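Student: Protein chains in written order, with the working numbering: chain A, 1 to 340; chain B, 1 to 287.
Please note that a few of the clues may not be correct.
Unchecked claim - Under 7 Å between C-beta atoms, here's a sample of chain B residues computed to sit facing chain A:
1) 88
2) 103
3) 107
4) 110
5) 114
6) 115
7) 264
8) 267
9) 274
Think of the hints as simulated: they come from the structure by calculation, not from any bench. Everything numeric in this text was worked out from a predicted model, so none of it was measured. A virtual CB, placed ideally from N, CA and C, is assigned to each residue, including glycine.
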Amino acid sequence: MSDFLPGGRKLALVGLLFVIAPLPVMGSGYFIGVLSRTLLFALFALALNIVFGHNDQLFLFMGGLGGIGAYTTALVADTVGISAWLALPVAALIAGLIGLSVSWISARRRFTVILISILTLNLQLVFSEAFIGARSLTGGSTGFPYELFTLGGIAEAVGVPTAVVTYYIILAFLMAAMVLYIWLINSKYGIAFEAIREDEMAAESIGIDVVRYKAIAGFVAGVIIAIAGTLLAREATYITPSIFTFLAVDVIALVVLIVGGIRQTYGPIVGAVLVEAIEAILGTHAANWRTAIFGALLIVLFLYFRSGVIVKAQEFFENWDISLGGGNGGTAAVETEPDG
Amino acid sequence: MVTVSTMAALVVDGLAFGASLALLGVGITLVYGLGEVLNLAIGAFAVIAAILAALLIESGLSLPIAVLGGLAFVGVFGLVVDRTLLSMVYRSDGEERILIGIFTTLGLTVLLEGVMVNYVASQYSLPLGLDPIQLGSTVVTGTSVASIVVAAVVLAVLFLFLNRTFLGKATRTVFQDERGARLVGINPRKIRTLVFVLSVLVAGLAGMLAAARSNVSVASSFEFTTFALIVSIVGGVRSLVGAVVAGLLLGLINTMANFFVGSYFATIILFGAAIVFLLFRPEVMSS
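Here chain A stands alone, though its shape is the one from the complex:
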């Protein structure tokens, strides 16, 4: 296994932790919700890690792409009359193609990371407006109930709340995405990504097709974001445009990725655990100040803390000469999670 997937055992361990995590809080819809959101934002941040961390393409329309995924899944399932399980791949493909087009155009025209961020931010605002404006398709700002994937039936058969089933579905997708990520980064794609990031011109001169690799990264990110968006709506059991705004998705995913550490395999998961823990604590003690604190967090993170928790922890342990026994310390932070 480790030939195909370096660090596979560690991933299995992390996966196992998340499998056990809901057991103590099975009865609490609130805690299951917190855990589900943790995994969802890990998924968003993972996509961002691929496209921004490894490819310097700052996608600021994750909310919009996630919304495209969620609405398309519902609309395809509804109009064609097929199961949402078949509609989801269609939606993911569409979002993937949008990601691919943006990356392809940006790479062809040699857009800088800033230009891509402004371009996608504008796309985000177009999508947001379209979700509200296309009332006949999306139900406008009031939205519609979102209970696809017939999870209620599974839940009844197993005898657990539907939210728990949703959680495990999300976990399955996150683990699949983690496997894909680890494989991708250790394959020729990862090597090409690294070469392009170091020096685009040099990479091109040794025969790496920069446009192709960037487009692939955009496609993969689009697919993952669409799945995460669909599951986000499913977790909320109701879909409205407000779920997919820039502030609700992109800002949080960015904070998650930076907290965890950019280009760190377990960065998205560690970041999501920390951010959702902060959010849960704020939710009970300072709900009104939640937005303000996230804003402050974004500023402080970017000015002082751009390497993320994992790297900082490593530096700390190295300074004190404590060995973590190899690896990048990701599990060290994850292990404290299930009691939260």
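Add chain B to chain A, keeping to what the hints say.
Tutor: Frame of chain A, contents of chain B only:
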């Protein structure tokens, strides 16, 4: 069919909206051109000025004093932000500075919004109390005309400052060639502070003009920021004249589209215009 007088009224309203957009766009353009910081918090400054002025009027002050009070507050606040947050951003340079600038100002806007919703959660407006004006067969609102006049005066003063005064010329020198400016003894950091304060004052005025025409709330701040961004992009990001022209043009297009095809579609047209410009003239944003 739409009558000529309706069209004329639409044009005036469009130009009035465009005047606010032009001011916002100029605010972004000034700071980006000078220090490559894309101020994504500009809408928050606009909203703070407008809400503060509205609150001052509520407490019994007259309109001119309330306007001055609002502007003075955002000016001082802008100075504080520049000396603290932006000082840290300016420590890095090149593409990294632009990126950190984007995130820092984005964080600032989220922070300010998050703080404000706890204190000023309702809708605010600044009624000017002007009568409608008769132009031939067309009746236009006094507020629209006043918006256009105020914006025109502010922009004229700004251009005079940049073109005629020593400080203004020094500013433009930094705009064009930072190293050259430093060689002749201009301190770019001081100029940047000055220009940042100027830009938030202009944005504050834009917010007040918007509040004069309709309601403004905390949630408007991100909308203002995105409008400013679009205007700045379409105008060429480094060109002040471009920002003014783009602001007026987009204001007209938006108002027309609003009237003929509805507001959601109008907004999409606005953002679509920015995307088209980015795709065809990407060089405007490169450092």
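Student: If a hint holds in the structure, say so; if it doesn't, say that too.
Tutor: Taking the hints in turn, this is what the structure says about them:
no.: 1; hint: 88; in the structure: holds (5 Å)
no.: 2; hint: 103; in the structure: holds (4 Å)
no.: 3; hint: 107; in the structure: holds (3 Å)
no.: 4; hint: 110; in the structure: holds (3 Å)
no.: 5; hint: 114; in the structure: holds (3 Å)
no.: 6; hint: 115; in the structure: holds (5 Å)
no.: 7; hint: 264; in the structure: holds (3 Å)
no.: 8; hint: 267; in the structure: holds (5 Å)
no.: 9; hint: 274; in the structure: holds (5 Å)
Consistency with the previously given hints is maintained throughout, with no hint failing.
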